[in-house]
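**Student:** Here is how the chains run, residue by residue.
2 protein chains.
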Amino acid sequence: MNIVEFFAQSAGKWSSLRTSHHLAFKQQEGGKSELQIELLDKTDPAVIQLCALYEIDPETALCGARVTWDGTMEWDEEKHEGSTVLVPIADPEKPNQGSLLREMGYAEKAPVAGRYEMGSNDELVLITEYETMYSKERLWFESPNVRLRHSILKRFGGFSMASFCSEVRMGGAKPQESQTDAAASSSS
Amino acid sequence: MNIVEFFAQSAGKWSSLRTSHHLAFKQQEGGKSELQIELLDKTDPAVIQLCALYEIDPETALCGARVTWDGTMEWDEEKHEGSTVLVPIADPEKPNQGSLLREMGYAEKAPVAGRYEMGSNDELVLITEYETMYSKERLWFESPNVRLRHSILKRFGGFSMASFCSEVRMGGAKPQESQTDAAASSSS
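Chains as they are written, first to last, in the numbering used here: chain A, 307 to 494; chain B, 307 to 494.
A hint or two may mislead.
All copies of an identical chain are treated as equivalent in the list; a pair is satisfied when it fits inside any one copy or across any two copies.
Only pairs whose alpha carbons sit at most 25 Å apart, straight line, appear in this in silico BS3-like list of lysine-lysine [said to hold, decoys possible]:
#: 1; residue 1: LYS319; residue 2: LYS385
#: 2; residue 1: LYS332; residue 2: LYS319
#: 3; residue 1: LYS385; residue 2: LYS348
#: 4; residue 1: LYS319; residue 2: LYS400
#: 5; residue 1: LYS442; residue 2: LYS338
#: 6; residue 1: LYS348; residue 2: LYS338
#: 7; residue 1: LYS348; residue 2: LYS332
#: 8; residue 1: LYS332; residue 2: LYS400
#: 9; residue 1: LYS442; residue 2: LYS400
#: 10; residue 1: LYS338; residue 2: LYS319
#: 11; residue 1: LYS400; residue 2: LYS348
#: 12; residue 1: LYS338; residue 2: LYS400
Calculated directly from the structure, the hints in this document are not laboratory data.
With the rest of the complex left out, here is chain A:
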């Protein structure tokens, strides 16, 4: 699976459970959200605009994805809503890795480019480095309709948070659904 196939497999609506483990406080926080992921062509205006922001030739973009989320976390009563556009730009010599442009980082509200690497095990690893922060996220499909994500965050060089999300495709499975998804997808 390459990153475009990974994004294509991610397209759709997902019901997501998220947990954050705050390692220093030994506390955890749960949350729920709905995710919508839309695959964008490299000629989509949103992709071209994001490339322009980073001063990158949009011809080098592999594709794009628009991710929209709407959820709640336990520790506050506020709605967490948002949307971002992601654009992978492969390294010229290594097609399985490259830069991942995004409108907005998950941890900071400014544009930030991360790195991606698509592993031989079909796992997508995203690494984002901020000034005082480092985040590594691993995403993989247990099946076409169950996507899992794990991330770890370092602040000032020390591990501060580990997160885990389980995502089940909503509203009907894709045609390639295998029998092993029966229990999970029947609940969505």
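Go by the hints and put chain B onto chain A.
**Tutor:** Relative to chain A, chain B alone:
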């Protein structure tokens, strides 16, 4: 890292946060526990006894580990305490994989042997199959003092639960502690 090195690195006391995502109910449950892991030599009486239970020559055991846990989960008020012994038996031709004997399965209270595989990325994968249940667990170290675990459980062929544990070494770090563990280990 081979499985004996993985067990040796796991030895000690750990403070663990656990979350279970019940996929069909879209509900999650948190828990906390303390884990104690003791590395056992292949000549330890507990290792020999477990091999005898499975009718396996204890000479083929690589080592053993005694895991003791004491914790609580949110949905009940009961203490979850227990202890088990694990013994890896490598496949003759493939030393990085084999059987994992255990006194007690995590999901069923009867002796059950699973399979292990130590990946080239230093990730330990444990697969246990019961009559109506399949569990796959992945364990890895983010650092010598931060161990993460993820598991997924299928019942009757459908995904039913995804779990995630973050474990921080308690009571002083091992000598090989790197600077990057400062934040997490200072809290233990």
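**Student:** Which holds for LYS332 with LYS400 at a C-alpha limit of 25 Å: within a copy, between copies, both or neither?
**Tutor:** neither (40 Å within a copy, 39 Å between copies)
**Student:** Within a copy, between copies, both or neither: which one fits LYS332 and LYS319 at a CA-CA cutoff of 25 Å?
**Tutor:** Between copies only: 15 Å across chains, 32 Å inside a chain, cut-off 25 Å.
**Student:** Treating 25 Å as the Cα threshold, decide for LYS442 and LYS338: within, between, both or neither.
**Tutor:** both (21 Å within a copy, 24 Å between copies)
**Student:** Since the copies are identical, ignore which copy is meant and state whether LYS442 and LYS400 lie within 25 Å (CA to CA) inside a copy, between copies, both or neither.
**Tutor:** So LYS442 and LYS400 pass the 25 Å test inside one copy only (20 Å; across, 31 Å).
**Student:** Cα distance capped at 25 Å. Does LYS319 pair with LYS385 within a copy, between copies, both, or neither?
**Tutor:** within (18 Å within a copy, 38 Å between copies)
**Student:** Please work out whether the CA atoms of LYS338 and LYS400 approach to 25 Å or closer within one copy, between two copies, in both situations, or in neither?
**Tutor:** The answer is neither: 36 Å in one copy and 42 Å across copies each exceed 25 Å.
**Student:** How would you label the pair LYS319, LYS400 (within, between, both, or neither) given a Cα cut-off of 25 Å?
**Tutor:** neither (31 Å within a copy, 42 Å between copies)
**Student:** Quick one: LYS338 to LYS319, C-alpha cut-off 25 Å, is that within a copy, between copies, both, or neither?
**Tutor:** This pair counts as within: shortest intra-copy Cα distance 14 Å, inter-copy 32 Å.
**Student:** How would you classify LYS400 and LYS348 at a CA-CA limit of 25 Å: within, between, both, or neither?
**Tutor:** Result: close within a single copy only, 19 Å intra versus 45 Å inter.
**Student:** If the cut is 25 Å between Cα atoms, do LYS385 and LYS348 qualify within a copy, between copies, both or neither?
**Tutor:** neither (31 Å within a copy, 54 Å between copies)
**Student:** Checking an output row: LYS348 and LYS332, CA cutoff 25 Å. Within, between, both or neither?
**Tutor:** Intra 43 Å, inter 35 Å, cutoff 25 Å: neither.
**Student:** From the Cα coordinates, with 25 Å as the cut-off, is the pair LYS348 and LYS338 best called within, between, both, or neither?
**Tutor:** neither (31 Å within a copy, 46 Å between copies)
Checked against the numbered hints given earlier, the structure breaks hints 3, 4, 6, 7, 8, 12 and satisfies all the rest.
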